[in-house]
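Protein chains in written order, with my numbering: chain A, 1 to 427; chain B, 1 to 427.
The hints are simulated quantities; they were obtained by calculation from the structure and are not laboratory data.
Be aware that a few hints might be false.
For chains that are exact copies, the list does not tell them apart, and a pair is met inside one copy or across any two.
DMTMM-like, lysine to aspartate or glutamate: derived pairs with alpha carbons at most 20 Å apart [claimed, not checked]:
| # | residue 1 | residue 2 |
| --- | --- | --- |
| 1 | K147 | D342 |
| 2 | K229 | D17 |
| 3 | K100 | D240 |
| 4 | K127 | E59 |
| 5 | K100 | E143 |
| 6 | K54 | E68 |
| 7 | K273 | E68 |
| 8 | K100 | E89 |
| 9 | K367 | E285 |
| 10 | K257 | E68 |
| 11 | K9 | D128 |
| 12 | K96 | D251 |
One-letter residues, chain by chain:
There are 2 protein chains.
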Amino acid sequence: MRLTQLFTKTSKTTPADETSKNAILLAQAGYIYKVMAGVYAYTPLGLRVIENIKNIVREEMNAVNGQEIIMSNLQPRETWEVTTRWDDEVVDVWFKTKLKDGTELGLAWSHEEAIVDMMKQFIHSYKDLPVSVYQFQTKLRNELRAKSGIMRGREFVMKDMYSMSVDVAQHDAYYNSVIEAYHRVYKRLGIGDDTYVTFASGGAFTKFSHEFQTVCDAGEDTIYVHRGKNIAINEEILDDESLEHLGIKRDELEEVKSSEVGNIFNFGTDKSKQMGFAFTNEQGEQQFVHLGSYGIGITRVMGVIAEKFADDKGLVWPANIAPAKVYIARLGDSPQVVKVSDELYQVLQNAGVGVLYDDRDSRAGEKFADADLIGIPYRVVISDKTVTAKRFEVKARTAQESQLLSQDELLKLLRTGLFTETNRTDK
Amino acid sequence: MRLTQLFTKTSKTTPADETSKNAILLAQAGYIYKVMAGVYAYTPLGLRVIENIKNIVREEMNAVNGQEIIMSNLQPRETWEVTTRWDDEVVDVWFKTKLKDGTELGLAWSHEEAIVDMMKQFIHSYKDLPVSVYQFQTKLRNELRAKSGIMRGREFVMKDMYSMSVDVAQHDAYYNSVIEAYHRVYKRLGIGDDTYVTFASGGAFTKFSHEFQTVCDAGEDTIYVHRGKNIAINEEILDDESLEHLGIKRDELEEVKSSEVGNIFNFGTDKSKQMGFAFTNEQGEQQFVHLGSYGIGITRVMGVIAEKFADDKGLVWPANIAPAKVYIARLGDSPQVVKVSDELYQVLQNAGVGVLYDDRDSRAGEKFADADLIGIPYRVVISDKTVTAKRFEVKARTAQESQLLSQDELLKLLRTGLFTETNRTDK
Numbered sequence: 001m002r003l004t005q006l007f008t009k010t011s012k013t014t015p016a017d018e019t020s021k022n023a024i025l026l027a028q029a030g031y032i033y034k035v036m037a038g039v040y041a042y043t044p045l046g047l048r049v050i051e052n053i054k055n056i057v058r059e060e061m062n063a064v065n066g067q068e069i070i071m072s073n074l075q076p077r078e079t080w081e082v083t084t085r086w087d088d089e090v091v092d093v094w095f096k097t098k099l100k101d102g103t104e105l106g107l108a109w110s111h112e113e114a115i116v117d118m119m120k121q122f123i124h125s126y127k128d129l130p131v132s133v134y135q136f137q138t139k140l141r142n143e144l145r146a147k148s149g150i151m152r153g154r155e156f157v158m159k160d161m162y163s164m165s166v167d168v169a170q171h172d173a174y175y176n177s178v179i180e181a182y183h184r185v186y187k188r189l190g191i192g193d194d195t196y197v198t199f200a201s202g203g204a205f206t207k208f209s210h211e212f213q214t215v216c217d218a219g220e221d222t223i224y225v226h227r228g229k230n231i232a233i234n235e236e237i238l239d240d241e242s243l244e245h246l247g248i249k250r251d252e253l254e255e256v257k258s259s260e261v262g263n264i265f266n267f268g269t270d271k272s273k274q275m276g277f278a279f280t281n282e283q284g285e286q287q288f289v290h291l292g293s294y295g296i297g298i299t300r301v302m303g304v305i306a307e308k309f310a311d312d313k314g315l316v317w318p319a320n321i322a323p324a325k326v327y328i329a330r331l332g333d334s335p336q337v338v339k340v341s342d343e344l345y346q347v348l349q350n351a352g353v354g355v356l357y358d359d360r361d362s363r364a365g366e367k368f369a370d371a372d373l374i375g376i377p378y379r380v381v382i383s384d385k386t387v388t389a390k391r392f393e394v395k396a397r398t399a400q401e402s403q404l405l406s407q408d409e410l411l412k413l414l415r416t417g418l419f420t421e422t423n424r425t426d427k
Numbered sequence: 001m002r003l004t005q006l007f008t009k010t011s012k013t014t015p016a017d018e019t020s021k022n023a024i025l026l027a028q029a030g031y032i033y034k035v036m037a038g039v040y041a042y043t044p045l046g047l048r049v050i051e052n053i054k055n056i057v058r059e060e061m062n063a064v065n066g067q068e069i070i071m072s073n074l075q076p077r078e079t080w081e082v083t084t085r086w087d088d089e090v091v092d093v094w095f096k097t098k099l100k101d102g103t104e105l106g107l108a109w110s111h112e113e114a115i116v117d118m119m120k121q122f123i124h125s126y127k128d129l130p131v132s133v134y135q136f137q138t139k140l141r142n143e144l145r146a147k148s149g150i151m152r153g154r155e156f157v158m159k160d161m162y163s164m165s166v167d168v169a170q171h172d173a174y175y176n177s178v179i180e181a182y183h184r185v186y187k188r189l190g191i192g193d194d195t196y197v198t199f200a201s202g203g204a205f206t207k208f209s210h211e212f213q214t215v216c217d218a219g220e221d222t223i224y225v226h227r228g229k230n231i232a233i234n235e236e237i238l239d240d241e242s243l244e245h246l247g248i249k250r251d252e253l254e255e256v257k258s259s260e261v262g263n264i265f266n267f268g269t270d271k272s273k274q275m276g277f278a279f280t281n282e283q284g285e286q287q288f289v290h291l292g293s294y295g296i297g298i299t300r301v302m303g304v305i306a307e308k309f310a311d312d313k314g315l316v317w318p319a320n321i322a323p324a325k326v327y328i329a330r331l332g333d334s335p336q337v338v339k340v341s342d343e344l345y346q347v348l349q350n351a352g353v354g355v356l357y358d359d360r361d362s363r364a365g366e367k368f369a370d371a372d373l374i375g376i377p378y379r380v381v382i383s384d385k386t387v388t389a390k391r392f393e394v395k396a397r398t399a400q401e402s403q404l405l406s407q408d409e410l411l412k413l414l415r416t417g418l419f420t421e422t423n424r425t426d427k
């Protein structure tokens, strides 16, 4: 995209009403617009990052046979009363509204009950199981405070998946396959090395639930990492019993700040019993469905990645989710510079490489500052000097030095460089 | 997708609580699940149709330089009070809710005011214009009644685009380019021949606004079509003055039932004046932005297409938006039939052709009925007989007769046949 066309502009001013690093940087760089506390609109750059994250998550959920659907925001009271979760004392983040006839409706903060209600229509026999469905849904949560930017909003995009199984063995096998799928997701998002399966408090059916936590200095959580076993323990369950259960010694653990980027949960047959969600087994007996739920906050992950990688110059996006791979900084508007810049823009687009083309009439320093603030992985400078030298001046966002490359070398770097970068941040 | 994997199932039973043809058929075929009146969830098949429609609309909006964004559902009162549209007497479809501190919020039924509020941050000079932004948004509307299935829901997906221009000439040029883009959209959706630009009542700034109406027996509107000029007139403005203005005689018009599939509107500088949305022109003077809005109800269009093309056997999707192009009906489970079916499934997927593979253990009649009900453009039957003949039995959804084709002939038919079909329904 040409920056002369893009309607957003970067801003040097720190937004007065933001305290979180992610919201400040994302607003300054033109990824988000604050509608109110905890509620953001996403501009073209922001939407591209969201879609890049969603596509990675979608591919990995499809790979574990997740079937994509989309549920509704509006929720009938009856669906949630069955499990007592309609009650504002039980769930304190409901937004509620009313039909014209006075009927109270809820706005979905989660979808477990809604999914079970729907799946009861389709699941009747053990032959219909296992099944797993997921959606990318805008959730609304009436949070008392909303000061963490897009990391904890009143309106946010979440991938929530729900698995249904005939028994513990089938459930466990699927649950473990999702843990592996989540690892692949975080690896592709560029946070694989620093994201740990973290043991957290379980429910009635399991000793532990599992969170995925990403090491991040600005994180709101504290976890205890076991680097040898590549797992972590949540602060709230760090006791002798848990340590023994996991076969870990206290002094093998390292305390770090972290941010939650996913959670998975085993409901057992709890909710199915409450909601009468049963199937007929091979022996013709009625049995309750085993339910699991698997969440990744898409906009939250975007916020975590923004905070984790940002430096004093601005955002630093991992290549796989950056809104573009290359930022072309065209310096000046001499005919040869315009010609070479326009041509490279076209060549890269034809090669399937996303480009932000800074064709604005602004000074070099401004263009470099914007390239850094927006956080595009590679900056390519084109000036009279580089054109005369028949080279491009190329710099990775996190590198100190630039290189002079031919077009072939640049294309090769974008292929191998991106590949290396993906490997570098991952295991 | 294999039907043994797909969690939805077709149903012979007409849903007791539905009266509209689109909702009945879409529910029976497994595209939607009714959450409550006017609120539907979309299953894998339904979501695919939505995404296919969205992708066509997205490409055409991008082609007229629309920049995709996503706004919020939650709306602050202040944004809408400025134009009096917060008032339930002025806008009677608001759903409203409250923050914990009692602050009232709205749930977006439209986004004009929200867009203007945001764009005020970015648009300051004539150099920033023209600009056009659009989104695919879930709108919530507190409709008194909701009996039209997905054609008029309380929760639905809409593409809404907003253009901002410096003056009437710039606005008109863009407005006309969107009319052309909308024609391309409807053509690609398979309803090009039967969709008319329809003159409807305008506002303060224009004599007419424009709707796009698709001829449809079950339509809720009546329009008067001028086949020679390829336009139509809305019932409410059919008077001598309008006819004279358009240079049309009453007896040249044909009365037909129709459904609205899009509308576009010129706000002039009305809303910009109310909301203080101004820019500096070349002479350094403050001027108000000219605003246009352009809507296509995505789920509504899906409903209209479902109703328009359905026959007594079920749905009939145009090839471009069908959830799959081919329905493989595997008859029996002899090793050779399974082998040939699995192979064709793979060959078609590799060729980029979407397939529903009926690998279920059910009778031929049941498979044929489901293929028709679900409305996939081409059905391919594979049985011991066809395998022995080294042919596939191929039938278009709307054809009476099937053909015996080799794999090469089938692939050729899918290429040319789809192309022909697209042409057939379009101009």
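Consistency of the hints with the structure:
no.	hint	verdict
1	K147 <-> D342	neither (42 Å within a copy, 53 Å between copies)
2	K229 <-> D17	neither (42 Å within a copy, 55 Å between copies)
3	K100 <-> D240	neither (56 Å within a copy, 39 Å between copies)
4	K127 <-> E59	neither (25 Å within a copy, 41 Å between copies)
5	K100 <-> E143	between (26 Å within a copy, 8 Å between copies)
6	K54 <-> E68	both (12 Å within a copy, 16 Å between copies)
7	K273 <-> E68	neither (25 Å within a copy, 44 Å between copies)
8	K100 <-> E89	between (25 Å within a copy, 13 Å between copies)
9	K367 <-> E285	neither (69 Å within a copy, 29 Å between copies)
10	K257 <-> E68	neither (33 Å within a copy, 36 Å between copies)
11	K9 <-> D128	between (52 Å within a copy, 10 Å between copies)
12	K96 <-> D251	neither (48 Å within a copy, 53 Å between copies)
Going through the hint list in order, the structure does not satisfy hints 1, 2, 3, 4, 7, 9, 10 and 12.
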